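Q: Take a look at the letters that make up each chain.
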Amino acid sequence: MPTAEALVELVEAVACRRDKQAFAILYRSYAPRLKTWLMRRGLGEGPAEDLVQETMVAVWRKASYYRPERAGVTTWIFRIARNHSIDYLRRASNAPSSNESQEEPIETMATGEAFVMGVEREHLMRLALEKLSPEQSRTIRLSFFEDKPHREIAEELGLPLGTVKSRIRMALTRLRLLLQDEQ
Amino acid sequence: MTISHHPGDETLHKFAVGLLTPGLRIVVAVHLEGCVRCRHWIGDLEILGGMLLAEMPPTPMAPDALARILARLDEKDHPVGLARQRSLEGLALPKALEACAISPWRWFGPGMHWSRVRLPWAPDANVVLFRIGASRRMPVHRHTGLELTQVLTGSFSDQFGEFKAGDLEEADGQIEHQPVVDSVRTCICLAAVEGRIHPRGAIATVVQRVIGL
Numbered sequence: 001m002p003t004a005e006a007l008v009e010l011v012e013a014v015a016c017r018r019d020k021q022a023f024a025i026l027y028r029s030y031a032p033r034l035k036t037w038l039m040r041r042g043l044g045e046g047p048a049e050d051l052v053q054e055t056m057v058a059v060w061r062k063a064s065y066y067r068p069e070r071a072g073v074t075t076w077i078f079r080i081a082r083n084h085s086i087d088y089l090r091r092a093s094n095a096p097s098s099n100e101s102q103e104e105p106i107e108t109m110a111t112g113e114a115f116v117m118g119v120e121r122e123h124l125m126r127l128a129l130e131k132l133s134p135e136q137s138r139t140i141r142l143s144f145f146e147d148k149p150h151r152e153i154a155e156e157l158g159l160p161l162g163t164v165k166s167r168i169r170m171a172l173t174r175l176r177l178l179l180q181d182e183q
Numbered sequence: 001m002t003i004s005h006h007p008g009d010e011t012l013h014k015f016a017v018g019l020l021t022p023g024l025r026i027v028v029a030v031h032l033e034g035c036v037r038c039r040h041w042i043g044d045l046e047i048l049g050g051m052l053l054a055e056m057p058p059t060p061m062a063p064d065a066l067a068r069i070l071a072r073l074d075e076k077d078h079p080v081g082l083a084r085q086r087s088l089e090g091l092a093l094p095k096a097l098e099a100c101a102i103s104p105w106r107w108f109g110p111g112m113h114w115s116r117v118r119l120p121w122a123p124d125a126n127v128v129l130f131r132i133g134a135s136r137r138m139p140v141h142r143h144t145g146l147e148l149t150q151v152l153t154g155s156f157s158d159q160f161g162e163f164k165a166g167d168l169e170e171a172d173g174q175i176e177h178q179p180v181v182d183s184v185r186t187c188i189c190l191a192a193v194e195g196r197i198h199p200r201g202a203i204a205t206v207v208q209r210v211i212g213l
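Which chain is which? The protein sequence lines are P and Z, in order.
The working numbering applies: residue 1 is where the first sequence begins, and numbers increase by one.
The working numbering applies: residue 1 is where the second sequence begins, and numbers increase by one.
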């Protein structure tokens, strides 16, 4: 993975010069990871590839909207991939209305803002994550990336469903408090 | 604007991860426009999402995948024809609703109007605007799934407190409530439900039939 600063330069090269070499580096950094994430969310290999393709094309098209003072490149790409996956999963589950549906406008979902430099905030998040217990950290990872019903997470952790829900909630609350302390 | 009622932690987390259905999602998006606290937290969860994405072990893409993507980059990006509706009879619409098709106000009872909010990307989502006159009572109702109500102007109260402009009320399937609008001003709010509403009593049943939730 290139450094955070190098990633910003790559996106700027794509935005300003339509630089395909820079784009290819972004592709190599993110596409295989996006694919893993989508497959963990329950997509088959083919649909996951399709969705990675959609996401990377969106990265190319939306590069000029990227603002480094608002978010790191990884956060920005996570948002694009998430929004595309919502649309994709919905279309897949809801085939009859798909021909008239449109893509959700991503700009309305751009929720990060310049309250702290994106990169700096990532650093704070890393510090906060390290302070979680291994179990809390695992719970958060499961809740984020495995689009499993909480029931399956419960089975995986060998815990009752209610316990999983409250553990996710507690782990997130702890994270929130830790971030407040870091500021 | 002091905001005292926010979406629950689970709802915000689902929003950040992308697991909220489109109707609920847009109500939360409208809340975020006015709520710095929730915006910061979502921003943090998105940072976390990005970090966890970067930690994912790579799965090799198909050998020709990059070539196929590169071949698409020069295609013209056909812009989506989004309706840009910015107001509804004097009500300035939140930015998140600008791409939605919003019907004119329709009467559904004395002092009560509603308007259908259609999401072009999710035509089946149950999202409506309500405009309820001062001191009016909404029909008592219960719902099978989550209901989110974001107050745009005015205020209403129910057994869970007073909800003013900028506040969001989250009511799950267990809750039965009857919001009452304050005595001074008309209240306009945006609501989305998952599942169906269970009205109680004749008026509520008529309302449900008219609005079709």
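Simulated from the structure, these hints should not be mistaken for laboratory data.
Values in this document were obtained by computation on a predicted structure and should not be read as measured data.
We put the beta carbon where it would ideally sit given N, CA and C, even for glycine.
Heads up, a few of these hints could be off.
Far from chain P by the CB rule (all over 12 Å, computed), these chain Z residues [what the hints assert, rightly or not]:
(1) Leu-48
(2) Thr-59
(3) Leu-66
(4) Ser-87
(5) Gly-90
(6) Trp-105
(7) Pro-110
(8) Ala-122
(9) Ile-175
(10) Asp-182
(11) Arg-185
(12) Thr-186
A few chain P positions that, by computed beta-carbon distances, are all more than 10 Å from chain Z [to be verified]:
(13) Ala-6
(14) Ala-15
(15) Glu-49
No more than 20 Å apart at the CA atoms, straight line, and that leaves these computed lysine to aspartate or glutamate pairs for DMTMM-like [as the list claims (entries may be wrong)]:
(16) P/Lys-62 / Z/Glu-75
(17) P/Lys-20 / Z/Asp-74
(18) Z/Lys-164 / Z/Glu-33
(19) P/Lys-20 / Z/Asp-64
(20) P/Lys-62 / P/Glu-135
(21) P/Lys-62 / Z/Asp-182
(22) Z/Lys-76 / P/Asp-50
(23) P/Lys-20 / Z/Asp-172
(24) Z/Lys-14 / Z/Asp-172
(25) P/Lys-165 / P/Glu-155
(26) Z/Lys-76 / P/Glu-54
(27) P/Lys-165 / Z/Asp-172
(28) Z/Lys-95 / Z/Asp-74
(29) Z/Lys-14 / Z/Glu-176
(30) Z/Lys-95 / Z/Glu-33
(31) P/Lys-165 / P/Glu-135
(32) P/Lys-165 / Z/Glu-170
(33) P/Lys-165 / Z/Glu-10
(34) Z/Lys-76 / P/Asp-19
(35) Z/Lys-14 / P/Glu-152
(36) P/Lys-131 / Z/Glu-194
(37) P/Lys-165 / P/Asp-181
(38) Z/Lys-14 / Z/Glu-33
(39) P/Lys-62 / P/Glu-120
(40) P/Lys-20 / P/Glu-54
Q: All hints are to be evaluated individually against the structure, with a verdict given for each.
A: Here's how the hints hold up against the structure:
1. The beta carbon of Z/Leu-48 sits about 6 Å from the closest Cβ of chain P, which is not more than 12 Å, so the claim that it is off the interface is violated.
2. Residue placement check: Z/Thr-59 does not keep its beta carbon more than 12 Å from all beta carbons of chain P (closest about 4 Å).
3. Non-interface status of Z/Leu-66 relative to chain P is broken: a Cβ of that chain comes within 12 Å, the nearest being about 6 Å off.
4. No Cβ of chain P approaches the Cβ of Z/Ser-87 within 12 Å, the least distance being about 17 Å, so the stated non-interface status holds.
5. Look at Z/Gly-90: its CB is around 22 Å from the nearest CB on chain P, clear of 12 Å, so calling it non-interface holds up.
6. Every CB of chain P is more than 12 Å from the CB of Z/Trp-105 (nearest about 23 Å), matching its label as outside the interface.
7. Residue placement check: Z/Pro-110 keeps its beta carbon more than 12 Å from all beta carbons of chain P (closest about 35 Å).
8. Its beta-carbon lying about 6 Å from the closest one in chain P, Z/Ala-122 breaks the requirement of being farther than 12 Å from that chain.
9. Once the 12 Å rule is applied to beta carbons, Z/Ile-175 is consistent with being away from chain P; the minimum gap is 18 Å.
10. The Cβ of Z/Asp-182 sits about 29 Å from the closest Cβ of chain P, beyond the 12 Å cut-off, so the non-interface label holds.
11. With a closest Cβ-Cβ approach of about 27 Å to chain P, Z/Arg-185 is found to remain outside the 12 Å limit, as its non-interface label requires.
12. The non-interface label for Z/Thr-186 is consistent with chain P: the shortest C-beta to C-beta separation is roughly 26 Å, beyond 12 Å.
13. Non-interface status of P/Ala-6 relative to chain Z is upheld: no Cβ of that chain comes within 10 Å, the nearest being about 13 Å off.
14. The beta carbon of P/Ala-15 is kept farther than 10 Å from every beta carbon of chain Z, the shortest such distance being approximately 13 Å.
15. The non-interface label for P/Glu-49 is inconsistent with chain Z: the shortest C-beta to C-beta separation is roughly 6 Å, within 10 Å.
16. The hinted pair formed by P/Lys-62 and Z/Glu-75 meets the criterion: a straight-line CA distance of about 14 Å does not exceed 20 Å.
17. At roughly 11 Å between alpha-carbon atoms, P/Lys-20 and Z/Asp-74 fall within 20 Å of each other, so this suggested pair holds.
18. For the proposed pair Z/Lys-164 and Z/Glu-33, the alpha carbon gap of about 15 Å is at most 20 Å, so the pair holds.
19. In summary, the hint linking P/Lys-20 to Z/Asp-64 is supported, as the alpha carbons are separated by about 16 Å, within the 20 Å threshold.
20. A C-alpha spacing of about 37 Å is found between P/Lys-62 and P/Glu-135, which places the hinted pair above 20 Å, so the restraint is violated.
21. For the proposed pair P/Lys-62 and Z/Asp-182, the alpha carbon gap of about 44 Å is over 20 Å, so the pair is violated.
22. Simply put, Z/Lys-76 and P/Asp-50 have alpha-carbon atoms about 19 Å apart, close enough for the 20 Å limit, and the pair holds.
23. With a CA separation close to 48 Å, the supplied pair P/Lys-20 and Z/Asp-172 exceeds the 20 Å bound.
24. With a C-alpha separation of about 15 Å, the suggested pair Z/Lys-14 and Z/Asp-172 falls inside the 20 Å cut-off, and the hint holds.
25. For the suggested pair P/Lys-165 and P/Glu-155, the alpha carbons sit about 13 Å apart, so the restraint of at most 20 Å is met.
26. Distance hint between Z/Lys-76 and P/Glu-54 is fulfilled; the C-alpha atoms sit about 14 Å from each other, no more than 20 Å.
27. Taking the CA atoms of P/Lys-165 and Z/Asp-172, the gap is near 15 Å; set against the 20 Å cutoff, the hint holds.
28. For the given pair, Z/Lys-95 sits about 30 Å from Z/Asp-74 by alpha-carbon distance, which is inconsistent with the 20 Å threshold.
29. With a CA separation close to 24 Å, the supplied pair Z/Lys-14 and Z/Glu-176 exceeds the 20 Å bound.
30. Note on Z/Lys-95 and Z/Glu-33: the hinted pairing holds, with a Cα-Cα distance of about 8 Å set against a maximum of 20 Å.
31. Among the hinted pairs, P/Lys-165 with P/Glu-135 is consistent with the structure: their alpha-carbon atoms are about 14 Å apart, no more than 20 Å.
32. The straight-line distance between the Cα atoms of P/Lys-165 and Z/Glu-170 is roughly 17 Å, inside the 20 Å bound, and the hint therefore holds.
33. With a C-alpha separation of about 9 Å, the suggested pair P/Lys-165 and Z/Glu-10 falls inside the 20 Å cut-off, and the hint holds.
34. Taking the CA atoms of Z/Lys-76 and P/Asp-19, the gap is near 17 Å; set against the 20 Å cutoff, the hint holds.
35. For the proposed pair Z/Lys-14 and P/Glu-152, the alpha carbon gap of about 17 Å is at most 20 Å, so the pair holds.
36. Taken as a hint, the P/Lys-131 and Z/Glu-194 pair is broken in the structure, with Cα atoms around 36 Å apart against an allowance of 20 Å.
37. Distance check on the hinted pair: P/Lys-165 and P/Asp-181 sit about 25 Å apart at the alpha-carbon level, beyond 20 Å; violated.
38. With a C-alpha separation of about 17 Å, the suggested pair Z/Lys-14 and Z/Glu-33 falls inside the 20 Å cut-off, and the hint holds.
39. Distance check on the hinted pair: P/Lys-62 and P/Glu-120 sit about 23 Å apart at the alpha-carbon level, beyond 20 Å; violated.
40. Restraint check: the Cα-Cα separation between P/Lys-20 and P/Glu-54 comes to about 16 Å, which is no more than 20 Å; the hinted pair holds.
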